Amino acid sequence: MKEPRGDGGGAPFCTRLNNSYPGMWAHERSAEARGNLTRPPGSSEDCGSVSVAFPITMLITGFVGNALAMLLVSRSYRRRESKRKKSFLLCIGWLALTDLVGQLLTSPVVIVVYLSKQRWEQHDPSGRLCTFFGLTMTVFGLSSLFIASAMAVERALAIRAPHWYASHMKTRATRAVLFCVWLSVLAFALLPVLGVGQYTVQWPGTWCFISTGRGGNGTNSSNNWGNVFFASTFAFLGLLALAVTFACNLATIKALVSRCRAKAAASQSSAQWGRITTETAIQLMGIMCVLSVCWSPLLIMMLNMIFSETSVEHCKTQTEKQKECNFFLIAVRLASLNQILDPWVYLLLRKILLRKFCQVANAVSSCSSDGQKGQPISLSNEIIQTGA
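Its first residue numbered 198, the sequence shown is counted upward by one per residue in our numbering.
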């Protein structure tokens with residue numbers, strides 16, 4: 198896009214975002230404060246992470262991946278004859294839908310603000326759009342984490358308790374769990390609307406999220422505890438979801454290794470079992486690595502900002518804090534990247550690994566019971582067929 202002419206017209210967008218548009222931040226800031234933030238074009242490296250290319254690229258890639266995943270899951274779900282074998286498909290489909298809707302509700306707003314070169318308040322004088330944007334990021338971010346945890350629990354139960362899984366894991370129960378996850382996260386995200394916590398414009402003024410500091414956007418000091426409570430609860434809930442996912446995946450890997458050793462001692466197929474176990478373990482560890490890389494920086498940095506009493510307000514008045522705020526922006530982008538990677542990690546790039554996972558699950562079931570042979574996890578067979 199062609200840069201407008203005028204003061205700072207040749208400077209990068211991030212520089213003009215802070216200098217040419219001093220009102221990008223709260224309108225109550227004094228002229229002196231605005232003057233203190235004026236920097237020469239050469240200092241633009243402090244906000245070098247600002248670029249409209251990021252939200253555009255994420256929107257396109259996220260839409261393609263999640264839409265394709267939903268298409269494959271829909272086709273697979275309609276083909277299933279046994280309702281007891283739809284839990285895995287429901288979880289993947291719900292995760293893809295959550296990621297897709299979250300991106301469609303937030304990315305266009307960010308792109309419009311970037312391209313308009315105007316402060317957020319000009320688009321949202323009432324602050325309602327900021328609240329909606331922050332609420333949307335909170336709901337769909339936490340929902341994705343807890344759905345991933347539910348999928349990890351599902352895998353662990355299918356491997357470690359195949360009889361219970363086959364008799365209790367009904368489609369209705371899976372739907373109830375997914376709805377409870379979404380409604381619980383929505384109820385939590387609505388707390389700022391009720392006065393507990395706050396969604397504020399974040400650095401560099403193109404998006405809104407949970408306030409990690411004290412008294413953002415005119416919040417009274419009596420409400421500071423609400424900001425700290427809400428932000429810290431979000432971070433701890435995210436870390437809890439990661440911990441559950443890690444624990445269940447590690448338990449699944451341990452069970453697979455134990456079954457592999459037992460199978461190797463009882464039959465001649467030890468080489469095949471070893472290969473299947475290795476591939477499945479790599480798959481589960483890959484999922485854990487993706488979740489860690491995408492979410493840990495944001496959650497840990499939020500806790501650090503809370504305990505150090507740092508917020509977006511410091512980016513408005515302290516130039517030396519802008520690098521820290523840029524790191525926070527990068528952390529949020531990493532978390533958003535998880536919404537793009539989810540369909541590929543869980544479905545689109547796992548045709549071979551899913552086949553191996555089904556073989557392992559059926560073998561585990563065979564070892565456990567002759568009467569329910571192969572029932573527990575043939576859940577992913579339809580995904581394999583549609584991926585072929």
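It is possible that part of the hints are untrue.
Pairwise CB distance ranges (calculated) [claimed, not checked]:
1) 360 x 524: 46 to 54 Å
2) 302 x 323: 39 to 47 Å
3) 524 x 276: 20 to 28 Å
4) 264 x 326: 52 to 60 Å
5) 430 x 358: 28 to 36 Å
6) 264 x 320: 22 to 30 Å
By construction, these hints were calculated from the structure, which means they are not laboratory data.
Keep in mind that this is a model prediction, so the values were computed, not measured.
All residues carry an ideal CB built from backbone N, CA and C; glycine is no exception.
39 to 47 Å as the expected CB spacing between residue 323 and residue 302, which holds or is violated | violated (18 Å)
In this structure, is the beta-carbon distance linking residue 524 and residue 276 contained in 20 to 28 Å?
-> Violated - the Cβ-Cβ distance for residue 524 and residue 276, about 46 Å, lies outside 20 to 28 Å.
Cβ-Cβ distance between residue 264 and residue 326: within 52 to 60 Å?
-> violated (26 Å)
Consistency of beta-carbon spacing, residue 320 to residue 264, with hint 22 to 30 Å = For residue 264 and residue 320 the Cβ distance comes to about 28 Å; the hint holds.
Could one say that the CB atoms of residue 360 and residue 524 fall in the range 46 to 54 Å?
-> At roughly 48 Å between Cβ atoms, residue 524 and residue 360 fall inside 46 to 54 Å, so the hint holds.
Distance restraint hint 28 to 36 Å, applied to the beta-carbon atoms of residue 430 and residue 358 | Holds - the Cβ-Cβ distance for residue 430 and residue 358, about 31 Å, lies within 28 to 36 Å.
Going through the hint list in order, the structure does not satisfy hints 2, 3, 4.
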